[in-house]
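So the sequences go chain by chain: A and B. Just so you know, we're using the numbering used here here: the first sequence kicks off at 1 and counts up by one. Just so you know, we're using the numbering used here here: the second sequence kicks off at 1001 and counts up by one.
Because the hints were derived from the structure by calculation, they are not lab data. Quantities reported herein were computed from a predicted structural model and do not represent experimental measurements.
Calculated pairs, SDA-like style, for lysine to any residue (alpha carbon to alpha carbon, straight line, at most 25 Å): (1) B/Lys1175 <-> A/Pro482; (2) B/Lys1119 <-> A/Trp496; (3) A/Lys193 <-> B/Gly1037; (4) B/Lys1075 <-> A/Trp496; (5) A/Lys479 <-> B/Lys1175; (6) A/Lys479 <-> B/Ser1036; (7) B/Lys1075 <-> A/Tyr484; (8) B/Lys1075 <-> A/Ala2.
If you anchor each label on the Cβ, the simulated ranges turn out as follows: (9) B/Glu1220 <-> A/Pro104: 56 to 64 Å; (10) A/Ser188 <-> B/Gln1144: 20 to 28 Å; (11) B/Gly1037 <-> A/Ala423: 24 to 32 Å; (12) B/Asp1177 <-> A/Thr579: 28 to 36 Å.
Here a beta-carbon is modelled for each residue, glycine too, at the ideal position from N, C-alpha and C.
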Amino acid sequence: MAVFQHITQSVRVLLIALLSVPVFAGLVGVVLPAFGYFPALNAFDFNLGVFKHLFALESIVNMTLLSLLTGLIATALSVASAFLLLSVFYRSSYLNRLQSWLSPLLVLPHAAAAIALLFVLSPSGLLASVVSNAVSVFSSGAENLSNTQNVLPPSWEFPYDRFGISIIVALALKELPFVFLIAVSVLSQPQVKRKFDGYFNSATALGYAPVTVFFKAIFPVVYSQVRLPLLAVLAYATANVEIPLLLGPNNPPTLAVAVVQWFNHVDLSMRFQASAAALLQVVVTLIAIGIWLIGENIIERVQGRFYTNGSRYTGQMFASFVAYSVVASYSLLALSIIISTTLWSVATFWTFPTLLPEGFTLLHWKTTLSALAEPVKNTVLLATFVSAFSVLIATLALEAEALNRQDNKRSEYFNRWVGGVLASTLFLPLLVPGVAFLYGLVWFQLTYFNDAVWLHLFISHLVYVLPYVFISLAVAYRKFEPRYIQVAYGMGKSPWQVFVHIKLPLLFAPLLVAFALGVAISFSQYLPTVLSTGGRIATVTTEAVAAASGSSVRLTAVYVLVQIFMPLVGFVLAWWLPTICFNPMGRYTLLRPRKSKL
Amino acid sequence: MTLKLDKVSLFRHTDILLNVNAVVNAGEVLSIMGPSGSGKSTLLNAVAGSLTAPFSVTGSININDICINDTPAHKRGVGVLYQDPLLFEHMTVGQNIAFALSPKSALLDKGASEPKLSKKQREKQVSDMLAQVGLSELQHRPVQTLSGGQQARIALLRTLAAAPRVVLLDEPFSKLDAATKGQMRKWVFEQLKARGLPTLLVTHDVEDANAAQGQLIEIETC
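Generate coordinates for the entire structure from the input sequences, incorporating the hints supplied.
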C-alpha cells in the first residue's frame, strides 16, 4: 500500500481517538471526584457521601425535572414543527428558499439567540412596546389618552419564569432549523429523492393528499435516518447551559446551570457536589433519551393502523396551519430581533414604551469594538485553526473511506468495523453532556499540562467542531462522481494525485462551506471556552454572555450583532471564493462581458 | 499491444454474470453488446481495475501477456471513455489534456530521449494534439463552453494524451445527437486504430458495433 493510503487509514483511526479520548478521559475526571476521590483536595477514599449530600438538597428534584422536561418538550416541539413544515413544503419550490433562510439561524450562537430573544420578548422589549402602542392608539379615540409616557411594562413572566417556558421557547426556536435542515439533507440525496418521487406519484395517483403522503410514506423513512442527530439535539437540549443561564429561572436553575455554578464556586469543596451533579446530568440525559425512545415505540405501534386506515387527507389542514404559523413567527421574530438589536446598539435614551430611541450614537460601537479587539482576535485565531484542522482530518478520513470502497479485497471487515465505530463516535461529544465531560477534561489537562491553555481550548473546541465538519463534508464527498476518479486512474494518476488535482479542486466549494461551518461552531462555543481556559482567554461569545448578565443593554446589543455578523463573513467567503478559484468558467464570464444575442 | 481476456468470468455475489474468452490485438476493437444489467459495464470495471463489491472476477486479464488482475487501477495503463465526457471543470480544455499527458514523453516521437518534459514542451504537445484534429481554438476555453460533440472529442484526446496501453469505451456515443454520432464514431475508431490500441467497446447500439468492424460478443439475458 502506498504511503498516502497508509496516512488516510491512520487519520481515520486518529479521528476516532480525537473524539473519544477527550470524552472518556473527561468522564473519568468527574466520576472520581463524584465518588469522593480528589487528590488535589486530599480526598482519597471512595464513598457515596457526595451523592447523599447532593440528593439531600431541597431543590435537586426541581432542578432535575426542569432540565428533563424543558429538554424533552423543546425537542418534541421542534421535531414536530420541523416535520410539519417539511410535510407542507417538501415538494414546493419554497423549500430551497426556506433552506437558505433557516441556515443562518443554524450558525447563530445559542448565547446570541437567547440574548436576542430577551430584547424582543421581555416585558419591556420590542413586542411589548408595539402591543402597548397599538392598545393606546385604539383606545385613545375614546378616552383621549395622553399619558402614554407613564405606561408600565406588562408583568408577564417571560424570561426567568419558574416553569422554564422561556427556556422551552428559546430551545425549540433554536433547534427547529437544525432538525429541518438535517431532514432536508436526507431528502435531497439523489437516490432517496428518486425513491420518494416514486412514492409520491403512486400515492397521489391513489388519491392521497401531499401532506398525507408525507406522513404515511416518507416520514417513516426519513425519520429513521435522522434519529441519531435528533437524539443529539435532545441530549443537547437537556444539558444546554447558555439558554437557561440567560433566560431560565435562577432559584433553582436547571441542573446544567447548577453544575456550572458549583464548579466555579470559590469554595473548592463544592467540586465534589458539582462532579456528582454532572453525573446526575448524564443520567438525566439518558432518561430523556429513554423517554424519547419509548415515545418512538408507542408511535410506531399506533402508526401501523394510521397507514392502513385509508384516509386520504389526514393532517392536511393542521399541517398547513402549523407550517405557515411557524414561517410567519420566524419571519416576524427575525425581523424584530434585527430591528431591536440594531436600534439598541445605536440608542441613546430609550424608555418603554416608545418605539424609537430619543437619539442615535455610535458610542456603544466604539466602546465595544475597542474592548473586543482582543476577544475577536482570539476567537478568529482559534476558530480558524480548529476548523482548518477539522477539515483536514475529516477530508483524509473520508478519502480513506473512498479508497476502501474502491478496493474491496483489502482487510474488508476491519475497515467496515472502523467505519461503524466512526459513524457512532461522531455523535459521542454531542450525546454526552458537555458539563459532564468538559470539567473532567479540564481536571486532566491541568494535572498533566497546566500551561498549555491554548491546547486545552483547541481540544475542547475540536470535539464539537470536528463532528459537524465531518457530517457536512461527508454529503458532498460521498456523492463525488466515481467515474472522474476512474478516468484519472486511466491516465496513470495515483490516488494521491487524484486527491490533490481532482478531488480537492472539484470539492472546493463544499470544503469551504465545511470550513465556514466549523468556524461558526467554534465561534458559538461558550462552555468549552470558559472551562478549558478558566477565563484566561476571552472570546466574543464569553464576553457577550458576560455582558448580557451584567452591564448595559446597549453594549450587549453590539455584542449580539457582532456574533451574528462574524459567522456570516465566513459563509459569504465560502460562497464567493469558489466563483473565482479553480473555476475557469468564472474567470471566463468575468473577463468577457455577456454579448447580446444578435 | 494485446489485451487478452483468458477465461474471464464475472460474478455478482456468487451468481455468474458472463464468461469471456477473447484476444484483442493492436488496433482491433472487441464489441460487447447486451441489455442493461447484463454485466457488460462490470467487465469494463474489471479490466480498468475498479471492480467493487458485490462483484468479483476469476480468470486472468492480460496486457502483453502480463496478468494485471492484481495491478492497481492507476498502474494498468487502461484509458476509459464514458458516455459523459467527464472533463474536469476546474481546468481549461488545454489543462485537461496537459493533466493527462504523462510526464515522460512516450507519446510523440520528438524529444523522447529526454526523461522529463519541460513545461514548454508539454504546452507544445497539447497544442499539437489539438491542431492535429483542428480544435486549436478551444485550448484556453473553459470546458463548460464547449458543445457536446466538442467535449466528446476533447475527452478522447485527453484519454489518448495519457498514452494508454488499452482503451475501454463505455457506450461512448449514446448521449450524442444523431448527426454528431456518426462523425464521432468514425473519428474515434480512426484515432484508436491509427495508434494501434486494443479497444474494448461496450454498447447496446448495433451501429456502434458495425462501425467498430471487429469481433462482436453478444450477451444473452439469463
